[in-house]
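As given, the protein sequences belong to chains F and U, one line each in that order.
Note that the numbering used here has the first sequence beginning at 19, numbered continuously upward.
Note that the numbering used here has the second sequence beginning at -15, numbered continuously upward.
Please note: incorrect hints may appear among the correct ones.
Once the Cα atoms are required to be at most 25 Å apart in a straight line, the calculated SDA-like pairs of lysine to any residue come out as [said to hold, decoys possible]:
#1 U:192 with U:5
#2 U:88 with F:284
#3 F:217 with U:110
#4 F:217 with U:72
Hint data in this document are derived by calculation from the structure and do not stem from the laboratory.
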Amino acid sequence: MHNKKVSSDIPFYAAMWAAGGMYFILIIALLYADASYTSLENINEALNNKSIRASIWLTMQTCWITAVLSIIVAVPTGYILTRFKFPLKRFFDSIIDIPIVLPPLVIGLSLLILFNQVILFDQSIEELCAAALNSLRSILPNSPIFDLPTGVTYKVPAIILAQFTVSCAFAIRTMRNTFESLDPRQENVALTLGCNRSKAFWKVVLPQASFGIMTAGILAWARALGEFGPILVFAGATRGKTEVLATTVFLEISIGNLEGAVAVSFLMVSAALIVLIMVRLLGSKNRIW
Amino acid sequence: MVSLKNISIKLGAFALDHVSMEIPASKYGVLMGSSGSGKTTILESICGLKKIRSGKIILNEIDVTNLRPGDRHLGYVPQEGVLFSTMTVKDQIAFGPIVRGWKKEDAFERAKELASSLEIEHLLSRKPLGLSGGESQRVALARALASRPNLICLDEPLSALDEDTRDKACSLIKRLHKKEGFTVLHITHSASEAEMMGDLVFRISEGKVISA
C-alpha cells in the first residue's frame, strides 16, 4: 500500500494572498487616484480656505466630543453585555448593532423625525431641547465660552448626535470584545477580597481594559470623521455653520470644485491612516506593523 | 470552621441536592471528585460566587448564606491563580487588606511577610506576565491570605504544576497552614494529593458528599 504524498501548500497560500492582495490593491489604487488628482498646491489652497479651515476645526471638535461620549456609553454597555444575563439580552444586543447595518441616510432621517415629529409633554423633542438650552443660557455667564446653540436640528449638536449614533455602536462592539477577553474570575477574586461590584470594576477590570478603551475611542473618532449621510439629513451642510469635512467634500463637488474636494478627501484619508496606525500600534505587543 | 447544611444548587441542567459537610476550625479539608462532579460549584457557593437554592453555609458559627463574598472573610485561590495583570505582585498581595481598610504600610508589611513565607520575595516588584505556574499559584495564595481570612478555598491549586513544583508548593502550603492556623477547603481530582494534604478527605459523587 502506498501512502499518498502530501500535496503542495502553494495553491493554498496563493489563493489566500490573491484574495487579500486584490482588496489591498483596490484600496491602494483609490489612494493613488486621489493623490494623482490633487497636488500640494490644491491641498495648500484648501488649508488656506477660511470655510474649509472652519470645517476642519468643527470636525475636530465634534469628533472628539463624539469619541468621549461614545466611550462613556460603550464601556458600561459592553460590560453589561458580557457579564450579565438578563431577559431579552439577545434582542438588546441586536438593537444596539442596528446603527452599524442601517443606511446612514436612514439614521439621519430617523433622527430628524424623532426630534421634530415625536411629541412629548405637548412639544416636540426639538422644542423641549431649545427650551432647555434657553434656560441654561440664562443661568450661565454671558461669555463666548458658553455660547450655546438655540436648538439641535440643523445645528452643531445635530452633528454630534448623528456622529454619536453610529460611532457608539462600533465603540460598544470593541468594548464587548475587550471585556470578553478578560477572565471574569478576576472580578470574583476581587469580590472575595472585599470589593463590591463597583470597586472590582474600577480597580481590576478597567485598568486591564485600558487599551480596549483607547481603541474604542479612536475607532469612534475615525468613524465620526467619515460620517456623512446622517449629518447631511439631520444637521445640514450650511457653510460656516454645520459644515464638517465629510460635507465639505460634498459641497465642493456640488460647486464643481473637484480639485478642492479631492484635496479635502486626501486630508481625511491622511487623518484616517494616522488613526488606524495608532490603533494597530496600541493593539500590537511589539509596536510595529 | 466551615459547615454546609443540606445545601442545594442548580445550574442549568446540573444540580446538587442536600449536600452537607463540616471542616473543624484550623483543619485542612480536601474535597475530591472527578471532573464535572460539582466540586468547584460547591467551592464557589461557599465563597458566595454562586447562589444556593436552599440550605445554610456556616463559617465560624456565622450564617453567611446570604452574605456577599467580601463579607464572608475568606480567601479564594482559583485554578491557575488568576492574577491581576496590571498590578505588581506586591500590590496584588496588599490589595485585599487595603480594600478592607488597612493602612498601606501595614498592608505592604503583610505582603512582604507572606512573600517571605512563600519564597517569592524576589517577585514583589514584578507584574504577573512571565511568572511560572508555580510562582503564580504562590502569589495567588499570598493574595488570598493577606487579610488573615478564617477560611481559604483552593480550587485545584496543584493541577497545573509539574511534579517538583507541586511537591514544593505542597510543603509551602502545609507550612503556612501550620503557621497561620486557617481552615482550608482544597478541592482536587487527585487521590494522592488528597491523601498528602488533607486532615479530612471528602468525596463527591452523584451529587452527594461523603467522608472518604
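Cross-check of the supplied hints:
1. Between the alpha carbons of residue 192 of chain U and residue 5 of chain U the distance comes to roughly 10 Å, so the proposed pair stays at or under 25 Å and holds.
2. Straight-line distance between C-alpha atoms of residue 88 of chain U and residue 284 of chain F comes to about 54 Å, which puts the hinted pair past the 25 Å bound.
3. A threshold of 25 Å between alpha carbons decides the hint, and for residue 217 of chain F with residue 110 of chain U the separation of about 23 Å falls inside it, so the pair holds.
4. Taken as a hint, the residue 217 of chain F and residue 72 of chain U pair is honoured in the structure, with Cα atoms around 18 Å apart against an allowance of 25 Å.
Hint 2 alone, counting from the list given before, is not met by this structure.
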